[in-house]
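Colleague: Respectively, the protein sequence lines represent chains A and B. When we follow our numbering, the leftmost residue of the first sequence carries the number 11, and every step to the right adds one. When we follow our numbering, the leftmost residue of the second sequence carries the number 1101, and every step to the right adds one.
What the hints contain is simulated information worked out from the structure, not anything from laboratory work. Just so it is clear, the structure is predicted and the values come from calculations on it, not from any experiment. We treat Cβ as the ideally placed atom computed from N, Cα and C, and that holds for glycine. Incorrect hints may have been included.
[Unchecked claim] Below, simulated PhoX-like cross-link-like pairs (lysine-lysine); rule was C-alpha separation at most 25 angstroms, straight line:
hint: 1; chain 1: B; residue 1: LYS1224; chain 2: B; residue 2: LYS1162
hint: 2; chain 1: A; residue 1: LYS526; chain 2: A; residue 2: LYS55
hint: 3; chain 1: B; residue 1: LYS1188; chain 2: A; residue 2: LYS548
hint: 4; chain 1: A; residue 1: LYS217; chain 2: A; residue 2: LYS175
hint: 5; chain 1: A; residue 1: LYS97; chain 2: A; residue 2: LYS361
hint: 6; chain 1: A; residue 1: LYS201; chain 2: B; residue 2: LYS1188
hint: 7; chain 1: A; residue 1: LYS403; chain 2: A; residue 2: LYS357
hint: 8; chain 1: A; residue 1: LYS385; chain 2: A; residue 2: LYS361
hint: 9; chain 1: A; residue 1: LYS357; chain 2: A; residue 2: LYS312
hint: 10; chain 1: A; residue 1: LYS576; chain 2: A; residue 2: LYS609
hint: 11; chain 1: A; residue 1: LYS553; chain 2: A; residue 2: LYS55
hint: 12; chain 1: A; residue 1: LYS609; chain 2: A; residue 2: LYS547
hint: 13; chain 1: B; residue 1: LYS1224; chain 2: A; residue 2: LYS154
hint: 14; chain 1: B; residue 1: LYS1209; chain 2: A; residue 2: LYS526
hint: 15; chain 1: A; residue 1: LYS76; chain 2: A; residue 2: LYS312
hint: 16; chain 1: B; residue 1: LYS1209; chain 2: A; residue 2: LYS175
hint: 17; chain 1: A; residue 1: LYS47; chain 2: B; residue 2: LYS1188
hint: 18; chain 1: A; residue 1: LYS441; chain 2: A; residue 2: LYS247
hint: 19; chain 1: A; residue 1: LYS471; chain 2: A; residue 2: LYS448
hint: 20; chain 1: A; residue 1: LYS609; chain 2: A; residue 2: LYS553
hint: 21; chain 1: A; residue 1: LYS97; chain 2: A; residue 2: LYS80
hint: 22; chain 1: A; residue 1: LYS310; chain 2: A; residue 2: LYS250
hint: 23; chain 1: A; residue 1: LYS154; chain 2: B; residue 2: LYS1188
hint: 24; chain 1: B; residue 1: LYS1188; chain 2: A; residue 2: LYS547
[Stated by the list, open to error] One side only, chain B facing chain A, incomplete, derived with CB under 10 angstroms:
hint: 25; residue: MET1129
hint: 26; residue: ALA1131
hint: 27; residue: TRP1150
hint: 28; residue: HIS1154
hint: 29; residue: THR1155
hint: 30; residue: GLY1163
hint: 31; residue: ALA1177
hint: 32; residue: ARG1205
hint: 33; residue: CYS1229
[As the list claims (entries may be wrong)] Cβ-Cβ distance ranges computed for the label pairs, FRET-style:
hint: 34; chain 1: B; residue 1: LYS1224; chain 2: A; residue 2: GLN268; range: 24 to 32 angstroms
hint: 35; chain 1: A; residue 1: THR301; chain 2: B; residue 2: ARG1207; range: 35 to 43 angstroms
hint: 36; chain 1: B; residue 1: THR1140; chain 2: A; residue 2: ASN108; range: 27 to 35 angstroms
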Amino acid sequence: MNHRIQRAVLFTAASLCFVLTPCQTLGQELNAEAKSKEAVEARTKRNAQIFQNNASILTLLDRYGKPTGKVGERAMYEDAVLSPDGKRVAAIKDDLENESADLWVFDVGTGAVTRFTTSARTEFVTTPVWSPDGSRLVYPAMRKGQEAVYMRAANGQGSEELLYKNPGAFMDLTGWSADGRFLAFAISDIKGGSLYILPLEGGPERKTTEVLHSDLRVFRPRFSPDGRYLSYVVFDKAEKREVFVCPVDPAVHEGPWQISDGSLTSGYWVHGGKELYYVARDQAVMATEVTTSPSFSFSKPKVLFRQKDPVPSDLQNISSDGERFLVLPPARGQELQQLTIFDQGGKAVKKVGDPALYSLGAFSPEGNRLLVMKKDLDTGQEDLWVLAVDTAKATRITDDTRFKVTPLWSPDGKYIFYSALLDGDWPVYRKAADGAGKEELLFRHTPGAFVGLSDVSADGKFLVCDSGGVVMLVPLTGSDPAARKPIEYMRDEFDESTARISPDSRFIAYRSDEAKPERFEVYVRPFDATKPAPDEKKWQVSKDGVFGANTFFGFPSMLHWRADGKEILFRALELDSNDLVMMAADVETTPAVRVGTPKVLFRLAGPVNSSLGGVSRDGQRFVLPINVPVPPDKTAQPSGAK
Amino acid sequence: MIPKPRPSWFLLIVFAALLVSQAQAHHNMTAVFDFNDRVTFTGTLTAVDWRNPHTYFTVEVKGANGAIESWQSEGPAPSFFRIRDVGKADFEASVGKTVTVEVSRARDKSRFGLIRTFTLANGKVVSACPQNC
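Only chain A is shown next, with the shape it has when bound in the complex (with noise of 0.2 angstroms):
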């Protein structure tokens, strides 16, 4: 996953209580419900919370990494590619509002901006491409749930052409030969993908042919100038990416070759077909000769030059001569995360080791370490840690490019539970805090099903995890972990989530959207471990919202019962600021439920990551990644080979 994903996911998507909602259907209208003025002005605010977490101004780099230019205004942008005299932008340019995106063209020198597009709503633009003399620009388009590719005039003038309708759905359009003949696209699910190329002579009945197929995803296929052969990038089964070279042509059984060794990027032919540039896991823009005929070949990479910022820009598009690099700037900047401490007033009490990119932070069982994710300033790594809180001393859990989520800590504090993301499954692992010895799979769930954790029960025999909105709960039993099955513990109409077991595993509290779409709020139901379901009824604890995203991200709201049982924490959701907003309820359970009103406990300024296990276990303390400046031993201006 890219930095601007992950950091999207962790100051905005997370912030934004947003159910697992897939996009709006084609064409349909918005019920009632939906459109009622307070579902509006919360959709409202929550994209004013999307944009201004997140838009950028596109930017032009030299080979140096040097700024030296800026294009249009701060938008949400994507897929932005110059075209092939530098002098214009193609981009992607997201409209919240409209829940769709349409392409737009911006003029370098003169900022003149066209409009290539006007979706209708929830329909988009992808993947612009200029063809060869940048008089055209071909881009594939969903509409009325039928994706396709089109094709128009550069200078915005005319109507469009449809070239070739896709029988399935997200093509990954990024190639025009240099002849003018062919189009290079990819398809991939999550079980592999395949490369394929579109002839433009002939009607709209053009047939594609299959270039390569491989278990692994490819995306981002570019044509070599002299059009023989095909960069692309693969994901392996561990989410590392590669830049891979192979013939267009099928029937030449040479390839594929990999040139990279960890790549943020596709490859970029550039100078002819004479490079090929990629940007490297540590943000070194790297560069490789290479020849293409008689037969492909290539050099080790070299550096050209590296991106020393923390928070790295997203490169988009390499001009073909290799003097501008088109990127998209960290939309907050270059901040880092501090971890601290804060009381139950919502004063800082500790700062535990040195900034940071933190993601997470979670207390161990005892208060005395803190489970926390943290992506490497130098591979871009991301993976967990246990941090001692006094010592800020550091333990590696983890080490590999694998997406972990869902950390939680045994309630012995002996281990560490986490789902990663491994060929398209989520199998779900657990690794001594210590870091001694290898990860133990514990189970494994329907193959490409999202399984995230929300508890594990005090005595360690069963997890409880989400899955597509419902709550399983997984019997530790044996030592087969394909044996292992989950018993649907509460599977309905509504998305429920993010269940935590009562101290005294009488209760759960859990969040649903049953009392208003696109909102969860927390309820508290009992709970029976040895019955298949839950019993009917239901107390709801928060009345106006509760913040975090789905467990799908990995970062689930803070949801707590304090150790006696008597209160249970939350962090409210906030649509008019990006503040963090802790809460509270009192709850008694016996001799009868009652539950009291939530009260705020403290605010703080944000964008503020949380995630579940961030609340001490008396419940006093909250571990927080603090947004802060790059320390200026950390920051170091961009460095270039030549």
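With chain A's structure known, arrange chain B on it following the hints.
Modeller: Below, chain B without anything else, positioned relative to chain A:
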């Protein structure tokens, strides 16, 4: 440049595009369904299962030889429909009546498919694209 088959606001909401549909769909859709094999059938809606992570609809269809064939179709999660102008009641109102369903057929060629469009008994067309396309 990172592959992003959907606009960023989708990604903001559902994390990474290629994982999105699978995650929402709760399983690997393209492994189960062939998106190039579209089938349309018309028959009587006999059952609705309106629960996460997917909805399911059973339609009794008269086959070529006059025999009744039972087709199963899978739809998005209830939350997909919840904020739109169609809901559980709309589908339940069509039970016992004639509906038309366009699906991407299961790769095992069974009478099972992933819903692209569903035409209710009252003529209303419900689209599950692009999620299910």
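Colleague: Each of the hints needs a verdict: does it hold here or not?
Modeller: Consistency of the hints with the structure:
{"no.": "1", "hint": "B:LYS1224 to B:LYS1162", "verdict": "holds (22 angstroms)"}
{"no.": "2", "hint": "A:LYS526 to A:LYS55", "verdict": "holds (17 angstroms)"}
{"no.": "3", "hint": "B:LYS1188 to A:LYS548", "verdict": "holds (23 angstroms)"}
{"no.": "4", "hint": "A:LYS217 to A:LYS175", "verdict": "holds (10 angstroms)"}
{"no.": "5", "hint": "A:LYS97 to A:LYS361", "verdict": "violated (48 angstroms)"}
{"no.": "6", "hint": "A:LYS201 to B:LYS1188", "verdict": "violated (32 angstroms)"}
{"no.": "7", "hint": "A:LYS403 to A:LYS357", "verdict": "holds (24 angstroms)"}
{"no.": "8", "hint": "A:LYS385 to A:LYS361", "verdict": "holds (18 angstroms)"}
{"no.": "9", "hint": "A:LYS357 to A:LYS312", "verdict": "violated (49 angstroms)"}
{"no.": "10", "hint": "A:LYS576 to A:LYS609", "verdict": "holds (14 angstroms)"}
{"no.": "11", "hint": "A:LYS553 to A:LYS55", "verdict": "holds (19 angstroms)"}
{"no.": "12", "hint": "A:LYS609 to A:LYS547", "verdict": "holds (24 angstroms)"}
{"no.": "13", "hint": "B:LYS1224 to A:LYS154", "verdict": "holds (15 angstroms)"}
{"no.": "14", "hint": "B:LYS1209 to A:LYS526", "verdict": "violated (39 angstroms)"}
{"no.": "15", "hint": "A:LYS76 to A:LYS312", "verdict": "holds (19 angstroms)"}
{"no.": "16", "hint": "B:LYS1209 to A:LYS175", "verdict": "holds (24 angstroms)"}
{"no.": "17", "hint": "A:LYS47 to B:LYS1188", "verdict": "holds (23 angstroms)"}
{"no.": "18", "hint": "A:LYS441 to A:LYS247", "verdict": "holds (20 angstroms)"}
{"no.": "19", "hint": "A:LYS471 to A:LYS448", "verdict": "holds (20 angstroms)"}
{"no.": "20", "hint": "A:LYS609 to A:LYS553", "verdict": "holds (10 angstroms)"}
{"no.": "21", "hint": "A:LYS97 to A:LYS80", "verdict": "holds (12 angstroms)"}
{"no.": "22", "hint": "A:LYS310 to A:LYS250", "verdict": "holds (19 angstroms)"}
{"no.": "23", "hint": "A:LYS154 to B:LYS1188", "verdict": "holds (23 angstroms)"}
{"no.": "24", "hint": "B:LYS1188 to A:LYS547", "verdict": "holds (23 angstroms)"}
{"no.": "25", "hint": "MET1129", "verdict": "holds (7 angstroms)"}
{"no.": "26", "hint": "ALA1131", "verdict": "holds (6 angstroms)"}
{"no.": "27", "hint": "TRP1150", "verdict": "holds (5 angstroms)"}
{"no.": "28", "hint": "HIS1154", "verdict": "holds (8 angstroms)"}
{"no.": "29", "hint": "THR1155", "verdict": "holds (9 angstroms)"}
{"no.": "30", "hint": "GLY1163", "verdict": "violated (25 angstroms)"}
{"no.": "31", "hint": "ALA1177", "verdict": "holds (6 angstroms)"}
{"no.": "32", "hint": "ARG1205", "verdict": "violated (12 angstroms)"}
{"no.": "33", "hint": "CYS1229", "verdict": "holds (3 angstroms)"}
{"no.": "34", "hint": "B:LYS1224 to A:GLN268: 24 to 32 angstroms", "verdict": "violated (51 angstroms)"}
{"no.": "35", "hint": "A:THR301 to B:ARG1207: 35 to 43 angstroms", "verdict": "holds (42 angstroms)"}
{"no.": "36", "hint": "B:THR1140 to A:ASN108: 27 to 35 angstroms", "verdict": "holds (30 angstroms)"}
Of the numbered hints given earlier, the model fails hints 5, 6, 9, 14, 30, 32, 34; all others are met.
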